[in-house]
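Peer 1: Sequence:
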Amino acid sequence: MNCREFRRKHDAYIDDTLSGVDIEGMNRHLRLCQQCAALDTRIRRSLLVARNLPTIQPSAAFSERLQMRLAQERAFMATRERDTDAMLGMMAKRHRGPLTTGTFVALATGIAVAAGISMSVVLTGDDDRVIRLAPVVATLPEPEPSPIATPAMVASMPAGMPIWPAVFVAQRAPLRLASDVAGR
837 MNCREFRRKH
847 DAYIDDTLSG
857 VDIEGMNRHL
867 RLCQQCAALD
877 TRIRRSLLVA
887 RNLPTIQPSA
897 AFSERLQMRL
907 AQERAFMATR
917 ERDTDAMLGM
927 MAKRHRGPLT
937 TGTFVALATG
947 IAVAAGISMS
957 VVLTGDDDRV
967 IRLAPVVATL
977 PEPEPSPIAT
987 PAMVASMPAG
997 MPIWPAVFVA
1007 QRAPLRLASD
1017 VAGR
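Using the numbering used here, the first residue of the sequence shown is number 837, and each one after it goes up by one.
Misleading hints may appear alongside valid ones.
Simulated restraints on C-beta separations [unchecked claim]:
1. ALA922 <-> ASP851: 54 to 62 Å
2. THR920 <-> ALA896: 33 to 41 Å
3. ALA922 <-> GLY946: 30 to 38 Å
4. VAL957 <-> ALA922: 39 to 47 Å
5. ALA873 <-> ARG905: 45 to 53 Å
6. ASP851 <-> THR975: 26 to 34 Å
7. HIS846 <-> GLU978: 17 to 25 Å
8. ALA951 <-> ALA873: 38 to 46 Å
9. GLY946 <-> SER895: 54 to 62 Å
If you are wondering where the hints come from, they were derived from the structure by calculation, not from laboratory data. Keep in mind that this is a model prediction, so the values were computed, not measured. For each residue, glycine too, the CB sits at the ideal point set by N, CA and C.
With the sequences and hints as input, model every part of the structure.
Peer 2: Here you go:
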């Protein structure tokens, strides 16, 4: 397991919702990687702090004060919007007519300069270089066999029924059930 996979699965690891194989891989990575172990410690400590914070109880008049403040803010926003509309109306009245010759020339020059710059950028980008990288082949390592799933355990019973499905069920059972019963 690498650090990226560890960080991706870390939430499920803390919530204890991973399979037994994944939990063992996460534990092994924690023992080998100091950075991921420090990350795990920081997150677990922050969760402890958050869980131990006292519950905040709002005062009895909190809801009334909140509603009054929201009404004040709505009124303020409506007043501000009306003032903005009035200002825009006054600015529209000040406009005296069509563009002057000087304004037209400046606007046309700006458009011509922008078109020239964009054309120069488009034409200089004709260099089509394709970067080709060698293919990468990655494989996952074989998971370590479970000590429960030994050939002796997977042997058939005298009735001819294999018992190995029960081994898989036992291997995937969440570990937190035992800790919940013990009261930890």
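Peer 1: Of all the hints given earlier, name the ones this structure violates by number, lowest first.
Peer 2: Number 8 - this is the single hint that the structure violates.
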